[in-house]
Amino acid sequence: MWKKVRNSKIYVALLGAAILFTVSTQVTKAGYLNPGTSEDPIVTQSYVEKRNEQLKYYIDQKISEIGSTSLPSNGSQEAATFQVIEVNKGQRVIGKGGTEMILRSGTAKAIASQSGGLSNLTSGKDLQSDENVPLNHLILIPRDDGRGLNITWDKTFILIKGGYEIR
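When the letters of the sequence shown are read in order and numbered with the numbering used here, they come out as residues 869 to 1035.
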């Protein structure tokens, strides 16, 4: 009987020692971790607010940079709105990629490239080289590869949005 009591006391002592060791190891480990690191990813509200303020400052700075950039109105740069340009017979209006054109008066023929023609968004047709460009149709220049309009009438007016060159 004494042996049973003695074995159970040893068992309880070993179990207590194991529990004490496990608890002390976890407490010690927790003391060495820095909050917010990859080992302890918990962050505080002040940290999140600080990061939000930094992000807000960055966004405001980028918005002010965009707002202060003004585009020139000459024909060599991109414009944000439609411009009215006047071109004469024999001139060519070559658009940059993404440029939109609307022939308002006069006549013009399409200038296509090896990659394809001009996208007539109004009729859903692809205009090939030397095809007549219809009045008041929205024409899209899909790539910056020399596509545009060859003007065949004096005093032709074109609405244009985007980059272009008159040659």
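I should point out that these hints are in silico values taken from the structure, not numbers from a laboratory.
Backbone N, C-alpha and C define an ideal beta-carbon position, used for all residues, glycine too.
Fair warning: there could be bad hints in the mix.
Unchecked claim - Here are the in silico distance ranges between beta carbons for each label pair: (1) K993 / K918: 51 to 61 Å; (2) F950 / I927: 22 to 32 Å; (3) I927 / G965: 41 to 51 Å; (4) T912 / L1027: 54 to 64 Å; (5) T1020 / T949: 19 to 29 Å; (6) I927 / N956: 21 to 31 Å; (7) E999 / I934: 13 to 23 Å; (8) I927 / I887: 48 to 58 Å; (9) S981 / N1004: 17 to 27 Å; (10) V916 / S991: 27 to 37 Å.
To see whether the hints hold, each was checked on the structure:
1. K993 / K918: 51 to 61 Å: holds, 56 Å
2. F950 / I927: 22 to 32 Å: Because 29 Å falls inside the window, the suggested range holds.
3. I927 / G965: 41 to 51 Å: The hinted range 41 to 51 Å is violated for I927 and G965, with Cβ atoms some 28 Å apart.
4. T912 / L1027: 54 to 64 Å: At roughly 56 Å between Cβ atoms, L1027 and T912 fall inside 54 to 64 Å, so the hint holds.
5. T1020 / T949: 19 to 29 Å: Because 27 Å falls inside the window, the suggested range holds.
6. I927 / N956: 21 to 31 Å: 46 Å Cβ-Cβ, so the 21 to 31 Å window is violated.
7. E999 / I934: 13 to 23 Å: With a Cβ separation near 38 Å, E999 and I934 fall outside 13 to 23 Å, so the hint is violated.
8. I927 / I887: 48 to 58 Å: holds, 52 Å
9. S981 / N1004: 17 to 27 Å: holds, 24 Å
10. V916 / S991: 27 to 37 Å: Hint violated: Cβ distance 54 Å, outside 27 to 37 Å.
Going down the numbered hints, you'll see the structure goes against 3, 6, 7 and 10, while the others check out.
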